[in-house]
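In order, the protein sequence lines correspond to chains E and W. Per my numbering, the very first residue in the first sequence carries number 1; after that it's consecutive. Per my numbering, the very first residue in the second sequence carries number 1; after that it's consecutive.
In case anyone wonders, no lab produced these hints; they're calculated from the structure. The structure presented is a predicted model; accordingly, all values stated were derived computationally and were not measured. Any given hint could be a false lead.
Since copy identity is lost for identical chains, a pair holds within one copy or between any two.
Computed list of lysine-lysine pairs in BS3-like fashion (alpha-carbon distance at most 30 angstroms, straight line) [claimed, not checked]: (1) K181 <-> K131; (2) K377 <-> K359; (3) K83 <-> K132; (4) K170 <-> K138; (5) K362 <-> K54; (6) K356 <-> K170.
There are 2 protein chains.
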Amino acid sequence: MQHKNPKSIAHEKHEKEHTMSIAEVRGDVDYEAVIKEFGLERMQPMIEKMKAAKMKLPVMYRRNLVVAHRDFGQIFNAMINKKNFAILTGINPSGALHFGNKMFVDQAMFMQENGGKVFIPISNDETYVFKKAETLEKATENVIEVISDMIALGLDPRRTHFFVSTRTAKVYELAVKLSTKTTLSNMKAIFGFNNDTNPGQIFYGIVQSAHILYPQLPDQLGPCPVVVPIGIDQDPYMRLVRDMAERAGFVKPSSTNHIFMPGLQGGKMSGSKPETCIYLSDEPEAARKKIMGAFSGGGASMKEHREHGGNPDIDVACQYMKFMFEEDDKKLGEIFANYRNGSLSTGEVKSVLADKIVKFLKDHQKKREKAKPIAEKILANQS
Amino acid sequence: MQHKNPKSIAHEKHEKEHTMSIAEVRGDVDYEAVIKEFGLERMQPMIEKMKAAKMKLPVMYRRNLVVAHRDFGQIFNAMINKKNFAILTGINPSGALHFGNKMFVDQAMFMQENGGKVFIPISNDETYVFKKAETLEKATENVIEVISDMIALGLDPRRTHFFVSTRTAKVYELAVKLSTKTTLSNMKAIFGFNNDTNPGQIFYGIVQSAHILYPQLPDQLGPCPVVVPIGIDQDPYMRLVRDMAERAGFVKPSSTNHIFMPGLQGGKMSGSKPETCIYLSDEPEAARKKIMGAFSGGGASMKEHREHGGNPDIDVACQYMKFMFEEDDKKLGEIFANYRNGSLSTGEVKSVLADKIVKFLKDHQKKREKAKPIAEKILANQS
């Protein structure tokens with residue numbers, strides 16, 4: 001396996017093709033095969049349980065965007081029995097956040113509403129050792145940007161524990177403890193290091209695990225279930241941390257695996273490729289242009305589309321509606337049906353979507369400015 | 001090169017032989033060859049310079065126990081010109097300190113008297129990842145013991161910056177910065193890692209370098225010369241940190257290399273082998289017994305010794321007098337001469353030495369108790 005930055009495996013450039021299959025729009029991931037290969041559990045039965053328990057589910061659960069999990073049962077039980085549990089979603093401050101990142105925040109907020117304590121490790125160390133920032137200082141400066149974005153996305157700073165990896169002594173301390181629970185050869189098998197790998201990259205595999213187990217420290221929640229929403233490709237790291245957790249006397253953490261929000265041109269979304277994503281910092285009218293130029297799943301001509309219809313499962317605008325811009329399941333069903341029968345065109349969907357996105361960004365960017373002083377305070381108070 | 005804990009390379013068990021050469025008493029290190037192989041500078045010209053500058057030199061400089069260096073010139077210049085410089089000597093809190101450790105403290109105090117700021121990194125992480133303590137907690141508890149010992153040995157806590165590796169966020173932060181300045185293959189060449197090495201051991205090679213560059217951080221002294229007294233075998237780590245220092249914009253640190261104080265049975269002294277050393281925590285009369293049973297360089301019988309004399313260069317009691325228990329050069333010269341001509345026996349030297357050590361330990365252990373609350377405070381105030 002080639003070495004990859006854990007958070008970027010799913011973010012490689014994918015050449016635009018004129019026609020695309022669903023798998024291609026989703027970034028060439030064969031979810032069925034991966035679930036089987038990794039030995040993951042399917043999420044569907046858990047979603048049924050949550051529905052039966054009358055939980056108000058976010059779109060990602062209602063629409064099967066979360067497809068698999070490990071040990072989610074302990075999280076469900078904690079929610080139902082009002083026991084301590086945490087949700088943890090790390091962020092790599094390598095640049096502006098985009099809509100792909102929003103999915104993680106949305107899941108965190110759902111868990112928070114259901115009694116989970118939210119932990120957000122900010123891995124400025126990862127950004128630097130994987131050379132996504134020229135200096136560690138630049139990565140650390142960007143922490144303010146990502147915290148501001150996350151607060152503007154809805155995370156209540158009073159109920160969310162943000163911690164910056166190099167500014168929190170207990171992260172390194174915990175990583176030291178975990179480091180004796182594995183070996184270089186095991187790390188190589190998971191991360192694929194070679195001789196040019198720098199030692200910071202190797203150790204970051206351990207630090208990432210320390211982030212995940214941090215909520216279980218005695219001065220945090222103590223031993224308790226923790227759930228980590230991740231892309232399905234990141235499961236090998238979950239297996240590493242679960243294994244180390246057991247050896248170090250922690251509760252083995254759970255994970256949920258969601259499918260990838262497609263990039264603007266189909267294929268994968270990448271924060272380092274502006275043509276693939278809309279950043280939360282994009283100028284709203286520039287974002288509108290990006291949407292209008294997105295990959296379409298419609299007929300080759302308007303005439304053909306009206307006659308034969310299009311495929312909403314590969315149409316980027318339809319998919320963005322499904323992932324986050326049309327909350328109402330009935331309305332979404334109508335959009336998909338009309339797109340499929342040809343009475344609704346890509347251009348029409350894009351136009352509605354673009355209006356929604358422009359409104360979202362204007363609103364978000366105002367909230368973001370308000371959140372900035374709070375974010376600055378959070379960074380200054382790290383220890 | 002086999003992987004070795006940097007601070008323990010020189011500390012391997014050495015089988016006792018009935019007769020020993022000087023090299024054997026000194027732990028089988030051929031200093032001449034090592035100086036040549038590593039490309040070190042000889043210390044003698046620097047010692048002459050210090051003498052010419054009318055510095056009051058400790059025994060280790062007067063008696064050529066410090067044999068080599070790298071870049072000591074910048075330290076000498078800083079002393080002479082009253083410029084900022086630091087002396088740094090790390091301590092691995094894996095157990096009670098012994099007289100071998102005292103040499104480092106003595107050098108630190110000499111530099112402190114000559115204007116150097118003393119930094120003592122305490123590597124509880126090293127103790128744990130190299131399995132010299134069962135848990136990180138036990139290694140951290142032992143921090144109080146080693147700080148107490150170091151204060152009792154004479155380090156003024158108001159002028160000494162003790163920092164505990166896992167409790168000082170800036171250590172990990174600096175290690176992250178340095179980690180991109182080398183590669184796994186370079187680390188392997190220096191430390192000899194294999195597939196069973198744990199990632200904490202790999203990263204500790206970087207953390208150790210972060211300790212050495214810590215005095216140069218902006219909130220400490222800023223860029224300045226730093227000298228690290230080390231055993232001659234540790235030079236490869238100095239080359240690593242000097243190389244990384246240059247790439248990361250720090251002043252390249254200097255080092256001095258001293259010869260090893262022999263173990264009680266000749267060969268090497270090891271903190272993990274009670275039969276090789278006297279601990280600062282040894283019950284004084286137990287220490288007396290250890291000395292009386294130490295390896296002798298005298299004749300096979302008293303008659304033979306009186307006739308042919310003995311060799312003080314391999315007699316452990318004579319060596320201990322030379323290393324630290326006879327401050328007066330004239331008196332030491334007499335002891336060595338009389339031992340050599342047979343008029344002074346091993347038993348007589350041991351008896352004088354044992355009295356000195358008993359007195360030293362009684363005094364030290366009182367000071368140590370007094371220092372303990374200060375040490376506890378230092379540990380509690382780490383950040």
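Need the list of violated hint numbers for this structure, in ascending order. 3, 5, 6
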